[in-house]
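A.B. asks: What follows is the residue order along each chain.
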Amino acid sequence: MNSPATMAKQLKELSDAKLVQLSIGNGDQKAFGLLYDRYGDRVFNKCIAFTKSELDAEDLAHDIFLKVFLKLSTFNQKSSFYTWLYAITYNTCVDYARKQSNKNSQSISFEEIDQKRIKAYHSNSEQHLLKMKVDQLKQVLTQLPPQDKMILLMKYQEGLSIVELQEVFNIGKSAVKMRLLRARERAVTVHKELFN
Amino acid sequence: MNTDKSHIHQNPFQQLAREHIPPPKLKHKILTSTKLAYFMLATVDLFSVKATDTIFELIKNSGSDSDF
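Residue numbers (the numbering used here), protein chains in the order written: chain S, 59 to 254; chain Y, 417 to 484.
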């Protein structure tokens with residue numbers, strides 16, 4: 059018979075899909091806790107980008123994991139667990155941002171950003187984006203529409219591929235590339251607006 | 417995760433991710449809620465969207481993170 063330590067070690071080595079099965083089958087809190095251990099930091103970091111305080115980010119992350127648990131039985135295992143989790147994270151964060159935008163006005167309108175983006179040079183936006191200082195990037199992210207913010211975080215923080223981004227955002231390949239390009243260009247435009 | 421992270425090494429997005437770590441109490445709060453959710457789901461004995469939405473709202477609005 060395996061010791062509790064051996065069983066815990068075996069549980070840690072299970073795939074995401076197996077942990078999902080255990081979580082659904084008997085509500086295994088250890089299995090779901092391990093899924094949280096694997097992805098909690100990443101989800102929390104996305105929430106931080108959409109909220110103004112760590113407390114709000116905790117509430118948002120709590121809501122995301124509760125939704126994930128309640129929807130586990132609908133996870134069809136065709137996609138990977140993490141792209142499915144990120145899709146729920148994306149939808150929950152965007153909903154949160156929409157509710158907040160009704161309460162607060164933005165300092166720069168999205169239309170204004172687009173006008174400036176259209177006028178802007180098609181320089182290497184990725185290079186510009188990845189050379190930003192962290193403090194500057196933080197301020198730029200606060201000015202971007204929620205969809206732009208999330209696709210940039212998924213691409214450059216999580217390193218998701220175009221195919222994985224298609225799964226998260228439920229859009230086609232060319233739409234992902236276009237959304238990514240526009241998000242980068244808006245970010246660069248805002249950066250130049252704020253810091254040049 | 418089978419993703420190519422070579423192009424995001426040390427980029428500002430990655431540095432930003434390291435600035436915030438969720439507090440340990442968050443995991444406890446989530447697992448308390450999911451435990452409650454599991455028992456509620458078992459009670460209604462179905463996984464319909466309507467039931468899960470209702471349970472989500474009930475737990476979210478309860479604001480309780482105590483053990484039960």
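It is worth saying that the hints were derived from the structure and are not from the lab. Certain hints may be false.
[As the list claims (entries may be wrong)] Simulated crosslink set (DSSO-like; lysine-lysine; CA at most 30 Å straight-line):
(1) K250/S with K443/Y
(2) K476/Y with K231/S
(3) K443/Y with K196/S
(4) K196/S with K451/Y
(5) K67/S with K443/Y
(6) K196/S with K441/Y
(7) K125/S with K476/Y
A.B. asks: Next, verify each hint and record whether it holds.
C.D. replies: Results for each hint:
Only pairs whose Cα atoms come within 30 Å are accepted, and K250/S paired with K443/Y is rejected, the gap being roughly 39 Å. For the hint pairing K476/Y with K231/S, the CA-to-CA distance comes to about 36 Å; that exceeds 30 Å, so the pair is violated. In summary, the hint linking K443/Y to K196/S is supported, as the alpha carbons are separated by about 26 Å, within the 30 Å threshold. For the given pair, K196/S sits about 35 Å from K451/Y by alpha-carbon distance, which is inconsistent with the 30 Å threshold.
Using a Cα cut-off of 30 Å, the hinted pair K67/S and K443/Y holds, with the two alpha carbons roughly 19 Å apart. At roughly 26 Å between alpha-carbon atoms, K196/S and K441/Y fall within 30 Å of each other, so this suggested pair holds. Restraint check: the Cα-Cα separation between K125/S and K476/Y comes to about 10 Å, which is no more than 30 Å; the hinted pair holds.
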